[in-house]
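Taking the hints as your guide, dock the two standalone chains into a single complex.
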Amino acid sequence: MRHRTPQAWLFLTPFVVFYVAFMIGPTVWMFFASFFHTSTVHSGLGPFAGLDNYLEMFGRADFWSALWHTLQFTLYTVPPLVILSFVMAVLTNRVARGQWFFRLAFFLPFILPSATISLIWVFVFTPSTGLWSLPARMVGLEPGAGILSDPSTAMIGIAIATIWWTIGFNFVLFLAGLQDIPRELYEAAAVDGATPWQQIVRLTVPLLNRTTGLVILLQIIASLKIFDQVYLMTEGGPGISTQVALGLITDTAFTSNRIGAASAASVLLFLIILVIAIIQQVVSRVGTAREEGS
Amino acid sequence: MRNRPPRAAPVRSVESPAISRRRLFGAGALAASTLTVAGCSTPLAAGLLGTQLDPEVIVYWNLFGGGDGVRMQDMETAYREEYGESSLQATTLTWGNPYYSKLTLATVGNQPPDVAVAHLTRAKPLWTGGILDPITEKDLAGVGLTTEDFNAQAWKAQVTDGQNIAIPLDTHPFTLFYNKEVCDQAGLLDADGLLVDLTGMDAFEAALAEISAVTEGLAITVANVAETSTPWRFFWTLYNQLDAATPFLEDDGATISVDEESFLEVMGRIQSWVDQGWLNSALDYATSQTTMFTGGSGFYLQGEWEISTAQSIDGLEFGMAPIPQLYDRQAVQADSHTFILPRKDRSPEQRQQAMEFIKAMLEQSFTWAEGGHVPSYMPAFESAEYQALEPQKYYAASADYAVYDDPAWYGGSGSTFESTVGAQLGLVQQGVLTPEQALQAIRAQLEIYTSTPSPL
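Going down the list, the protein sequences come from chains P and D. Okay, so the first sequence: first residue is 1 according to our numbering, each after it adds one. Okay, so the second sequence: first residue is 1001 according to our numbering, each after it adds one.
Just so you know, the hints here were simulated from the structure itself, not pulled from any lab data. Among these hints, one or two may not hold up.
Derived DEER-like restraints, expressed as beta-carbon distance ranges [as the list claims (entries may be wrong)]: (1) Gln1437/D x Thr129/P: 30 to 40 angstroms; (2) Phe31/P x Ala1141/D: 49 to 59 angstroms; (3) Asp150/P x Ala1244/D: 53 to 63 angstroms; (4) Ala1444/D x Leu271/P: 36 to 46 angstroms; (5) Thr1434/D x Thr129/P: 32 to 42 angstroms; (6) Ile1313/D x Phe31/P: 27 to 37 angstroms; (7) Ile1313/D x Ile120/P: 26 to 36 angstroms; (8) Asp150/P x Ala1209/D: 45 to 55 angstroms.
We put the beta carbon where it would ideally sit given N, CA and C, even for glycine.
For reference, chain D alone in the conformation it holds in the complex (with noise of 0.2 angstroms):
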C-alpha cells in the first residue's frame, strides 16, 4: 500500500573520457572490486553486472510445490550427484499466472533461465510471443533422443507451426478415484478389488445410483467452490466424449467456437446428477477430497496428482482409474508438464548441456511416476518397474487420448480462460445457473478477450 523504496539498481561501471583524479580513483577501487567479486562468479556479482552466471552452471525454473517438489528434488540431487555440486541453480517459483509472467519477463529482460518448466498448454502462448526457441531434431540426436520416445499424444500435442516447442515430461489426466469400502458395499468391485468396467451412460449412473444407496447421501464429489480449474476439468472431459464436440476457441482465442449443443447436454448432465443428489453441488477443492476419504462419497474426481494425499490418509483403501467413456469416444482433460528453452543466445555447448540436463531428468520418470503423473518418456513408461506400479498402471493408459485445452494467448493451465469459464461452470453445478445463462455469461466475459488483438 505505501511507497517501498526502490530496489538498487545494478552497478556499471562507465567508461568516461574526462577523468578527473577523484573519479579515476572511485574507479579503479570499483573496478577492483568488481573483480574479485566476479572472480568468484558468484550469483550476487552476476546479478550486478549483468554477466552469465558460470556457463557451466545449469539456471533451471520449475513451478512444483507439494509432493511434486520433492520428488523434483530428488531428481536435481541425483543430477547434482552426477555432475557436480555446483552444475545446476535449480529455483522453484509458485505456480500459476505470476509464473509465467516471471519467466516472460525473464527472456524479455534477456536474463532467462537455461531450462525451464512449462505447462504444455502455457508454451504455446509463451511460442506465439517469442519467448521459446525451438528444438531442433539435432538437439535431440545430440543427446540420443528421437521423437519416439516419447508418448505420442504427448508429443503431438506440443508440435507448434511444425516446430518442437518443449519436451514433455509427463501427463498428468483427470482421472476417477475410488473409495474401496463404499464400492465394494454398492457391488461395484470385481474380484481383484478393482472398479468395475463402467463404460456408458446407463453403467455409469447405476453405479452411482448404487452408491448414493450406500453413503444415504452424494456418489461422486468434483470440486466447484472457490474452484475454477476442477469444474473446467471435469466439462472438458465429459465435452470431448461426443463426436459433435469442436474445439472450444479457434484462431488463437478470437474466436468462440464450442458446439452449443454438446456444451448444453454435458452441463445439463451434470446437474441432473446433482439434482439426483449424486453430485455435490458446492463443495470446495480440499473437501471434495475428504468426503471421499471419509466414504461421504465412492467416487472423486480430479487430477492424479492428489495420489499423493490420498496414500498419506491412514486406514483409507482407494483405487483409481481413467475416467470411464459416457458418451461416444474415449476422451479425458489432460496437461503435460514439459521443459522449455527460454528464447537465449546459447553456444552450441551450453544448447548441448541443457539438452543434457532435460536428458538425465527424463531418465529419472520412474521416481518422477511415483507421484501420479504418467511419464511421456517412453523407456520409462515401458520398464517393467512402472508397469508394475500400483495405482498408477490403472489410468496409466488415458495419457495416449488425453485431450488439452485449446491454444489461446489467454489460454492454458490455471489461465484467465480456465478460470473465467470454470467459475461459470461450477456455478451451474451449485444450481446457480441454468447451462443456456452459464454459455451467455462465459460468451460475454470472454469478449475483451475475443475481441482484442492478442498481444503476442
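Only chain P is shown next, with the shape it has when bound in the complex (with noise of 0.2 angstroms):
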C-alpha cells in the first residue's frame, strides 16, 4: 500500500470517472433523494419529506407484494440453480470424450440477452398454440389461459426460462472448482472402496464448498435482482401478480415522476439484499468453521 504513487491514480482515472459518475454519484443522490419529494420533471431535490417516503412504502400493499414477489422469484430460481448446475457439471466432468460438447450445450443459452429469451419464452408458453402446451396436454393439464396468464403460474414460468437462460454460467464455476480437485484423491478413495455416490459426497461436495458459496451468494443477489425478464414477459402482470421490486421502483420513478419515493424503495431493497448477504456470509462462517472444528 505504501507504494501506491500518483501515477497509479491517473491509471484509474479513466475507470474512477465513470465509476462516480454512474455508480457511486447517483446512489449519494439516491440515499439524499429518498427524503426529498424529488420529481423526475423538476430540477434539484424538491421539497423536503423527512420520512414520508418511507412511510409510504411501508404502507403500501403492492410494494409488500412486491417484495414478496422477489422473494418468490429467489426461492423459485436459487435452489434448482445451484443443484442443478451442480449436477450438470459433476456429470459432465465425468464424460471422457466430447467434453466441450457439453460445455457448449449448458453454457449457449447464457450468451442470450434477456430480450431473446424473453421471446422465446412467451413463445414456448404461448396459450394453446405454444410449444409447453403439447407436453401439457399430455399429462393432462388445462391449456386454460397460459401459464404466463394465469396469477398462480406465472412467476412458475418465469423462473423457468431464467432456470434454462443462467445455469450455464453457475454450471462453469462448478466445473472449474471441479477440476481444481486432484484426481489422485478419487483414487486414492477408490482403492478404499469407495462407491462412485460416495465420493461425490465424501469428496467432491466438501472440496466444492467455497465454490458452493459463492455461487450461492451470487445467485441470491442476481435473483433478488430480477427485472428484466418480468419486465418483457408479463410487465408485472397478469394485474400486479409478479410485479417485482425493481419494476415498482422503475414505474414509481418513471411513470408517476416520483424520484424521491422510488429512492425510498430502492434504499429498502439495498438494505434487504445487504442483510440477506451478510446472514449467507454468516451461514457459511459458521459452517466453515463446524468443518473444521470437527
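Written as C-alpha cells, this is what we have:
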C-alpha cells in the first residue's frame, strides 16, 4: 500500500471517473432524494419530505407484494440453479470424450440477451399453440389461459425461463471447481472401496464448499435483482401478480415521475439485499468453522 | 438481471489551461475527427457532441403500431416527397407508459423531438409537468389554421389553463361493431342493412335478448380479461350518459369525486347483463373480437381502430354505429391523438417549420381516417370524400359528444389510473366482485395517488 504512486491514480482515473459519475454519484443522490419529494420533471431535490417516502412504502400493499414476488422468484430459482448446475457439472466432468459439447450446450443460453430469452419463452408458453401446450396436454393439464396469464403460475413460468437461461454460469463455476480437485484423491478413495456416490458425497461436495458458497451468494443477489424477464414477459401482470421490487421502483420513478418515493424503495431494497448477503456469509462462515473444528 | 456494461458517455472535448504536448496532439486528433463527423451532421455526431441534429430536419416521435403505423408512414412519406428526403426523422416508439416516460426524460434532458404525438389525456400531465410549449394563435395563424378548423369538442378538451397545449389529429371514440348476419336474423337491420335505432335502455335490452335468441348465447362482447382499458371505456361511456354523473377525479387527481349512485347503477346494469347471459363474463381482447366475428355474438364494443382488424376478416359482414344513448344523454368515452411541441429553445423559423409539419399531417387526415379515427381537422371531416366513407361516416358524429378521462397526474389513456380502475371493473363483469366491493377496492388502491402530492 505504501508504494502507491500518483501515477497509479492516473491509470485509474478513466475507470474512477465513470464509476463515480454513473455508480457512486447516483447512489449518493438516491440516499438524499429518498428524503425529498423529488420529481423527474423538476430540477433539484424538491421539497423536504422527512420520512414520508419510507412511511408511504411501508404502508403500501403493492410494495410488500412486490417484495414478496422478488423473494418468491428467489426461492423458485436459487435451489434449482445451484443444485441442477452442480449435477450437470459433475456429470459433464465424468464425460471422457466430447466434453466440449456439453460445456458448450449448457453454457450457450447464457450468452443470449434477456430480450431474446423472454421472447423465446413467451412463444413456448403461448396458450394452446405454444411448445409447452403439447406436453402439458399429454400429462392432462388444462391449457387454460396459459402459464404466463394465470396469476398463480406466471412466476413459475418466469422462473423456468430464467433457470434455462442462467444455469450455464453456475455450471461453469462448478466445473472449474471440479477440475481443481486432484484426481489422486478419487483414486485413493476408489482403492479404499468408496462407491461413486460416496465419492461425490464425501469428496466432491466438501471440496467444492468454497465454490458452492460463492455460487449461492452470487445467485441470491442476481435473483433479488430480477427485472428484465418480468418486464419483458409479463410487465408485472396479470394485475400485479408478478410485479417485483425493481419493477415497482421503475414505475414509481419514471411513470409516476416520483424519484423521491422510488429512491426510498431502492434504499429499502438495498438494505434487504445487504442483510441477506450478510446472513449468507455468517452462515457459511459458521459452517466452515464447524467443519474445521470437527 | 445481471449487470450490463454501462453505455459509453458522450465525448466532449474539454478546454484545459495547461496543455501538454501529448494532450495537445490528442485533442487535435479528436477535434479533427469530430469536425469531419460534424461536417456530415449525422445523428451519431449530434448524439456524441450534444449538438442539434441539422436544424432543417424535423425530429418527430410517435407511438403508432399496426394499421395506424402503416398509415402514419404513408403520411410521413408524403411529407418527405414535398420537403425533401432528409427533411424528417421519424421515430416510432412503443405506446403506453414507457412512451411518455421517454418523452419526459428526453425533454428534461434538453433533447426532445421537435414534434411528438401524445394522447390528449396524457398531454395534460405533460403540460402540468412543464414538458410542453404552448401553441399560440400566432403559431396557428402562421400556417393558416384557426380554432374553427378543429372539432369543437376535441379543441375544447385540449385547452388547459387557458392555453392551447396540443393540436388534435383525431378523436377515437368507443364504438359498437355489429355482425350483420346475426343482427339480420334478429330483425335488427333496416332496409339499407344498417342497425336500427336502439336509443333507450328498453330498446337496447330488447335487442340484446333478440340477439341472444339467435346466437343461443352471448349478445354482446366486451373484453375484460388481461385487459383494463376496455372495461374503463365501457364504464365511462355509460356513466357519463347519466345526468347525475360527476367527474371521477378532481383537483388533478387529488380527490375521488365519482358519483356513487351512478357508479353502482352502471356496474349493476353490466352485471345484470352478464347474469342474463347477454354479456360475456370473461373474454380477453382478441377473443372478444373473434366471438363477434364468428357470429358468437351480435355486438362487440371497442375503439373504432379495430376497424382494420374487422376489415381483414374474409367474408365478415360487419357494421359500425355509435354506442346508443341508453340513459339520460348522449356520451361516449374517447381520446384524441394530438401533436405536441415539447419544451425546447426554438428559433421562430424552427417553430414555423414544426407547425408546417403538423399542418402537412392534418391535411392528410383522410388517409388517417381510413384507419377508423374521426378527423378533428374540419376541412377533412367535412370533405365529400370523408362523408362518403363507410362505415366511418355512421359513427363520426359521436366525436361531438366525446367524454375524455379526467385530468390527473396519474391519469389518461393507458395510465396507472385506467389500469387500476379498469382491473376492478373487469372483475365486476367476471362476477368476482360486487359493484360495492369494486368501488371500495378502487378507493383503497387509488389512495396512494390521491394522498401524495403531485410530483408535477
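Hints and how they fare:
no. : hint                                     : verdict
1   : Gln1437/D x Thr129/P: 30 to 40 angstroms : 36 angstroms, holds
2   : Phe31/P x Ala1141/D: 49 to 59 angstroms  : 51 angstroms, holds
3   : Asp150/P x Ala1244/D: 53 to 63 angstroms : 39 angstroms, violated
4   : Ala1444/D x Leu271/P: 36 to 46 angstroms : 27 angstroms, violated
5   : Thr1434/D x Thr129/P: 32 to 42 angstroms : 36 angstroms, holds
6   : Ile1313/D x Phe31/P: 27 to 37 angstroms  : 56 angstroms, violated
7   : Ile1313/D x Ile120/P: 26 to 36 angstroms : 30 angstroms, holds
8   : Asp150/P x Ala1209/D: 45 to 55 angstroms : 34 angstroms, violated
Going through the hint list in order, the structure does not satisfy hints 3, 4, 6 and 8.
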